[in-house]
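Novice: With chain A fixed as given, assemble chain B onto it according to the hints.
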Amino acid sequence: MTGLAVLLSHWARHKVQAALLLMGLALATALWTGVQAINAEARASYDFAAATMTQDRLPRLVAERITLADYVALRRAGWPVSPVIEGEAVIGGETLRLIGIEPLTLPPGERVEGNPADFLTGGTILSAAPLDDPRARRADLPPGIAVADIGVAAQILGPDISYLLLTQDRSPQDRPAPAGYALIRPATTDLSQLTESFHLNLAAFGYLAFGVGLFIVHSAIGLAFEQRRALFRTLRALGLSARALTGLLLAELLAFALVAGAAGVALGWLIAGALLPDVASTLRGLYGAEVGAELTLRPVWWLSGLGIAVLGMLGSAGQSLWRLWRLPPLAPAQPRAWARESAQAMRRQALAGALLLGLAAGLLALPGLWAGFGMLAGLLMGCALILPMLLASLTRIGQWLSRGAVAQWFWADTRQQLPGLSLALMALLLALAANIGVGTMVGSFRATFTAWIDQRLAADLYVEAADEADSARLLEWLGDRAVALPMIRTTDGGTGVVGMVDHPLFRRAWPLLRSLPDPWAHLDAGDVFVNEQLALRRHLSPGDRVEQGVIAGIYPDYGNPMPQVILSYDRHRALYPLPILRHALITDIPAAAIRAAFPRMVVQDRAAIREASVAVFERTFAVTAALNVLTLGVAALAIFASLLTLSALRLPQLAPVWAMGLRRSRLAWLEWLRTLALAALVWVLALPVGLALAWVLLAVVNVEAFGWRLPMRLFPGDWLRLGGLSLLAAGLAAALPVYRLARIAPAELLKVFARER
Amino acid sequence: MLSLTAVCKGYASSEGRVAVLDGVSLSLAAGETLALTGESGSGKSTLLHLCAGLDAPDAGRIAVAGRPMGRSDAERAALRRGTVGLVFQQFNLIPSLDVAANLAFQARLAERHDPRWQAELTAALDLGPLLSRYPEELSGGQQQRVAIGRTLAARPALVLADEPTGNLDETSGDKVMALMLRLVAETGAALLMVTHSPRLAAQLDRRVHLRGGRLS
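Each protein sequence line maps, in turn, to chains A and B. Quick note, the first sequence lines up with residues 1 to 757 if you use UniProt numbering. Quick note, the second sequence lines up with residues 1 to 216 if you use UniProt numbering.
Bound-form chain A, shown alone (with noise of 0.2 angstroms):
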């Protein structure tokens, strides 16, 4: 205990630097933690809903319209089907998807929990969402889902079944659809499955938050070892064993870990909760996929929290303890030369960087998201580990070109305190090549996806009826006031089939970036467009073949993650017998007119279209950039914590500048400049790296996660800016240590000459 004491005291005389430790870690923590609960909350969403909602997961038979009667009759036919009510509907204010099941015929894995009795005789609707009554409540469903008897959705939906689930386990195949109907696979993929590139995207993010908040805690703790070796000669010379003093070390950094550990759980808790909004937002509008705005508490996410936590102190501590194991008992004492150990330390980080990207660049070749983030992070670790000896190079051209010997001194000084500053450096590095890579992506996403939705929002307005007798009942009240295009989807087997009548407004609007000569007519004769997305995944081209047809063109389909196939409109009528509900209309007529003759058809012009879409895109990436401008600031904390802590050891430096007559005001001065100097550096040299990044994440990791091939676009304007942020932060992160220079009393400097020291 008296030997943990002695150790910790270094702690108390030291309070700034310990917490800048627990900070650093404590940040580093909160982030991966954050994403962490937001990935497992969006997770168990997911379960939650495979696990209930099991009428997705069966085959169904569509049909232009199904009545009770048809129903009863292919029961009566020995088909094994059960008939499901399913629509849109406002219960207590709320929209929800209301799905209407008869309990009776469900196959026994699917059917709802409780009392069935009570289900049918009391005809409540059982729902996790808010529903007016509280005896409707249930907390086994997932949001945004209101199931109820058939009866139930009848009354609110209307009669019409909306399909047919096919209940017995035998391959659809088997059996032909009965006559008037299509048969629906499901989809092979589920939620999880679709929505694992996001969550990847995510975690990356919260992985490269917490390497860039370990970087302070390394830069901390190898401070505090190289401030107290000669304690640690003392006490190996007082008769501690090296495997004593290691261990009440360990115990030490396991005590920090500890501490720090929870506070970034509590704070990656407060994250989560900040950020999940915008999350489950950006997972409704981009997948369909509904997850809980309120984080849970689970345990398993804590009690990870702490052990990243202290795995991430341990591997900063890692390469000091080491040094420490084997440092000898009468060891200098003298706090080590940084500069001397770091030129050979510099070259072999080169060296590991160089190998690093060459890694990188040899990935290219590899398929798979898994290879696309192991480039990125190749790239991201190479580039950071290069950077302390390009630093060194250009402040070399920088004294080389200098004539003045303040200024030669300057960068001499400046290359001198690279080797303490260089962690925090590659944190910058990394936090800026980080932002300016997402930013080139996210921005040529945007250009991108603006123009492409600009396209394909052609119709003046959008209308879906309830039913068909609506539908009906609008074209006849529009007569020849609107050319109205009727609009088909269906999704089979997991993959979006569209009918698209032949006409010059969707020609206009649907672009194709790869075709057979004359696409169109090829499409009238039954082939096929496809997205890019399934393009890319099953690698296909204009020629080959899919289940509905040979390709004649394929279209860009920004935003949207499903596989998708366009057919004729008369081939679509022709294999999916759909009651036609939409339509794309050209007209003069306003929204409301249609709105106010019509209130059950859903209208949207389009101006809402793409507002709803262009939201979609910018909550779709709010969450990265929120994430963007953390990693910054943990990166600015990164070169705080490290000008702080050098500037105690600046003093024998600076000192005898100061001596032969630099004044503490020039010196402060050039303190700040040297800082703005290396953040400027970094920040020119962060640009390729930052591209490079944007490269891969558009030509590798989009391509992989969502089947889109972005073209890249620069924005020389966004860097600037971030150039600018970065001198800022490197400016406040400076302005400490540079004010306690600048009013340093002449007493501490001359310390330096004192003999004591």
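The hints are simulated quantities; they were obtained by calculation from the structure and are not laboratory data.
Computed list of lysine to aspartate or glutamate pairs in DMTMM-like fashion (alpha-carbon distance at most 25 angstroms, straight line):
id	chain 1	residue 1	chain 2	residue 2
1	A	Lys15	A	Glu226
2	A	Lys751	B	Asp22
3	B	Lys175	B	Asp126
4	A	Lys751	B	Glu39
Cβ pair distances, simulated, as ranges:
id	chain 1	residue 1	chain 2	residue 2	range
5	A	Arg13	B	Ala56	25 to 33 angstroms
6	A	Leu736	B	Asp73	17 to 25 angstroms
7	B	Ser132	A	Ala361	32 to 40 angstroms
8	A	Gly358	B	Trp117	47 to 55 angstroms
9	A	Gly362	B	Asp73	56 to 64 angstroms
10	A	Leu673	B	Asp73	17 to 25 angstroms
11	A	Asp718	B	Ser132	40 to 48 angstroms
12	B	Ala56	A	Leu673	23 to 31 angstroms
13	B	Trp117	A	Ala12	51 to 59 angstroms
14	B	Trp117	A	Trp322	45 to 53 angstroms
15	B	Ser132	A	Leu673	26 to 34 angstroms
For glycine and all other residues, C-beta sits at the position ideal for the given N, C-alpha and C.
Specialist: Below, chain B without anything else, positioned relative to chain A:
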């Protein structure tokens, strides 16, 4: 060259104010060498720092080269750049600069860099083979030779040396001392040297002893 009149300096401590220098008066002519001796903690270094303008006295007057020492940081910094040269016990070379740059640094700061004079100093101090090395690669004696060369390269009128051989063994110390005294004499500068060693003090023109904050 250097004149101190009734200089007082003290420090605040937990037991109240401690007087380190109590009315010290001293003068040093151009070209003269003076040894300042005293017990540890007697205030020798404090006196030297006051003469260099690194600190300001609480009372009394200090004049260097006939000019009273200013109170402002800027005036005192200008004095250090132009008139005074310092040699420290710890050498205090600039670790980021090589020997050649270290030698030239103060002279360039004072805008008095004379390459020919620097070459002469380099030869006299036998630093030629070491010019491209960095301080950490030098022995203590080599570092102190560089420190002396750096000080004299600016041709200061007053050299202040604080135990310049205190970190060296006797043989190296004697060599360094002899070199410094020869070069100081060649430049015509005055020298005030703090030392513990009566043997070294005896090599200088005069010797004063500091005890209880007063000179004897």
